[in-house]
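Chemist: Going line by line, the protein sequences match chains A and B. Okay, so the first sequence: first residue is 22 according to this note's numbering, each after it adds one. Okay, so the second sequence: first residue is 24 according to this note's numbering, each after it adds one.
It cannot be assumed that every hint is accurate.
[Stated by the list, open to error] Restricting the straight-line Cα-Cα distance to at most 27 Å, the calculated cross-link-like pairs of lysine-lysine (DSSO-like) are: (1) LYS288(A) <-> LYS239(A); (2) LYS152(B) <-> LYS273(A); (3) LYS142(B) <-> LYS171(A).
[Unchecked claim] Quick list of simulated restraints, FRET-style, between CB atoms: (4) GLY168(B) <-> GLU128(A): 31 to 37 Å; (5) ILE121(B) <-> LYS268(A): 18 to 24 Å; (6) GLU128(B) <-> GLY113(A): 58 to 64 Å.
For the record, the hints were derived by calculation from the structure and aren't laboratory data. Small disclaimer: the values here were computed from a predicted structure and weren't measured. Ideal Cβ placement from N, Cα and C applies to all residues, glycine included.
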Amino acid sequence: MDRKRDGKTLVGGIVQKKMYFYVMAGLILWGLFVCLGAAFLTEREGALRWQQTEELSVIYPQLKEPLHANSAYYEAGSRKGIRMAALCLYFGGIAAAGVGYGVLLHERKRKEEETRQFLNELAEQSDQLLRGGDLPGRIDGEEAFADEWKAYLGKFRQTCHYFADLRQRLGREENDTKSLITDISHQLKTPLASLRLSHELLVAGDLTQAEYQEFLEKEGQEITAFENLMQELVNLSRLENNMIQIKPENTKLKQVLTEAVNKVFFKANEKQIAILLTDEGHTDRQGADREQGGAFDAAIFCDPAWTAEAFANVLENAVKYSGENTTITITVGRLINYVYVDIEDEGIGIQPQELNAIYKRFYRGERAQKMAKDGVGVGLYLARKVLEEQGGNIVARRRRRGSCFRITLPCGH
Amino acid sequence: MSDILQVKDLVKYYGAGENLVKAVDHTSLAVERGRFTAIVGRSGSGKSTLLHLIGGLDRPDSGKVIIDNQDIYALGKDDLAKFRRRKIGFIFQDFNLIPSLTVWENIVLPMGLDGRKVKENEVAEIMAKIGLTQKKDALPSTLSGGQKQRVAIARALAASPAIILADEPTGNLDSRTETEVMSLLKNCVEEYGQTLVMITHDETIAQMADAVIFVEDGKVVSQS
Numbered sequence: 022m023d024r025k026r027d028g029k030t031l032v033g034g035i036v037q038k039k040m041y042f043y044v045m046a047g048l049i050l051w052g053l054f055v056c057l058g059a060a061f062l063t064e065r066e067g068a069l070r071w072q073q074t075e076e077l078s079v080i081y082p083q084l085k086e087p088l089h090a091n092s093a094y095y096e097a098g099s100r101k102g103i104r105m106a107a108l109c110l111y112f113g114g115i116a117a118a119g120v121g122y123g124v125l126l127h128e129r130k131r132k133e134e135e136t137r138q139f140l141n142e143l144a145e146q147s148d149q150l151l152r153g154g155d156l157p158g159r160i161d162g163e164e165a166f167a168d169e170w171k172a173y174l175g176k177f178r179q180t181c182h183y184f185a186d187l188r189q190r191l192g193r194e195e196n197d198t199k200s201l202i203t204d205i206s207h208q209l210k211t212p213l214a215s216l217r218l219s220h221e222l223l224v225a226g227d228l229t230q231a232e233y234q235e236f237l238e239k240e241g242q243e244i245t246a247f248e249n250l251m252q253e254l255v256n257l258s259r260l261e262n263n264m265i266q267i268k269p270e271n272t273k274l275k276q277v278l279t280e281a282v283n284k285v286f287f288k289a290n291e292k293q294i295a296i297l298l299t300d301e302g303h304t305d306r307q308g309a310d311r312e313q314g315g316a317f318d319a320a321i322f323c324d325p326a327w328t329a330e331a332f333a334n335v336l337e338n339a340v341k342y343s344g345e346n347t348t349i350t351i352t353v354g355r356l357i358n359y360v361y362v363d364i365e366d367e368g369i370g371i372q373p374q375e376l377n378a379i380y381k382r383f384y385r386g387e388r389a390q391k392m393a394k395d396g397v398g399v400g401l402y403l404a405r406k407v408l409e410e411q412g413g414n415i416v417a418r419r420r421r422r423g424s425c426f427r428i429t430l431p432c433g434h
Numbered sequence: 024m025s026d027i028l029q030v031k032d033l034v035k036y037y038g039a040g041e042n043l044v045k046a047v048d049h050t051s052l053a054v055e056r057g058r059f060t061a062i063v064g065r066s067g068s069g070k071s072t073l074l075h076l077i078g079g080l081d082r083p084d085s086g087k088v089i090i091d092n093q094d095i096y097a098l099g100k101d102d103l104a105k106f107r108r109r110k111i112g113f114i115f116q117d118f119n120l121i122p123s124l125t126v127w128e129n130i131v132l133p134m135g136l137d138g139r140k141v142k143e144n145e146v147a148e149i150m151a152k153i154g155l156t157q158k159k160d161a162l163p164s165t166l167s168g169g170q171k172q173r174v175a176i177a178r179a180l181a182a183s184p185a186i187i188l189a190d191e192p193t194g195n196l197d198s199r200t201e202t203e204v205m206s207l208l209k210n211c212v213e214e215y216g217q218t219l220v221m222i223t224h225d226e227t228i229a230q231m232a233d234a235v236i237f238v239e240d241g242k243v244v245s246q247s
């Protein structure tokens, strides 16, 4: 029912109702005008003729009778003609208006039918969409539709795409959650198993004092590792569930980078790894931006705490997967809309086939697993997520020795 | 259907006999709406031919390319040209800007050709985002490579196509400019909800993509 009403509203927009009134009024006015004009002309003609008749009657008195009769007859005939003409015009006008109205009705009915068909089609297609089928394609004869309908169709399609995207996103999110749960439970199993083993050995009690002490110590280590793992997983799942709000603000690259380096400083020191900083300054040689100072002092737009965490994750990897007495070089530079931070190490490097996989959740490279037992494989995943969330990026390059991560972040205002 | 692009069993061979080059050899792939997909391959792997076929710049020997529900090779020549103008944005390695037109004119050109009304506010917003506002009336010859490519990006975005195809967009740029241009491209595409398909031989910039497709000898060898 609603659909029908909508159809009428649509047609109402196309055929204007006021048109009937104007057409009718126009026709009647025109008829009146013609009749009055004709009457006026006939009267004037008649007056002229009477005058001539009078003059002729004076010259030919014997013809007075027939001349008068002739003029009277002519006058009557003219008047009758006008009356007939007026009647014809009047009825003709009505007939024309009737025909016009009929055509309009017919047209209206046709449009209404067409609209109903169009709307039915749309309804059918949206039903299909809601049931999860394919998105509607083209509607037959769509090119012939009025522009108004094409606009409606465009809007409808937009809505369809929106829903399809939404459905896809929901599906993807559901899958993500499922795989996150699977991944996490998998990650928890291994340390738990080794904890249980040392615990069971302790409970069995068939141990020397030294062994007993050793297992206790090991258990302690396991618990610490487990706690670290839990902390990382909690961070991860919070980020995944958007429980952590990343709030970009204007801050200094210097501040964020210093915080990140502080986080890994002790670990680097233990391995005698030096961390060097190079400032490449502004790239734009034409000096389009008059900002003074190097890139290290540049303003960036990001969440300081989370961005420092992202930098620290990359630095931590650099420390973890490098040998003793090596160097980590941090190079900063200012581009036009971005700053970049290159973090280059002299470590084990990344295999070419692993370049695309390293950002995957819980992915750990083959050599990385051999080199360091602890590690969950969320560092780079988290870093990339945090950076991309803020309009930044991270890419890795292979170097002759080790690897180089280039991180970009948008400049501050 | 939220695959905006579907390539079905696409074939394009050049030459014959011993000189037969299988540029695209029964390739099928799909690209999701709103994602950034990189097609990676060495030079000569047929990736450029593949992109040209996807963009309707060439005709395949067989197979289908479906963009936004439309099998593009079922269209006539004129209709294909119209479709291309309306639905596909291109970003080329060598920028393809018209030398005699200003930056602004270059950006609005595709819309003008299509007889669409230019929404000046939107274009100005894109230009500001990409950092071109001051270069609005400059001629391409006065711009650096990075600036030219930024104009090309703005041109592709302004026409709000269904899909943007980029062929080695940073091939002619130095490493730092590449970083700038790629970051801009990626973030703008995300912001405007656009779909981007990029051809590259560089696995480093491919890391920025949401999905990576590797091609070798005209075939898709892996997808991740």
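Chemist: Which numbered conditions among the earlier hints are violated in the structure presented, ordered from lowest to highest?
Modeler: As far as the earlier hints go, 4 and 5 are violated by this structure, in ascending order.
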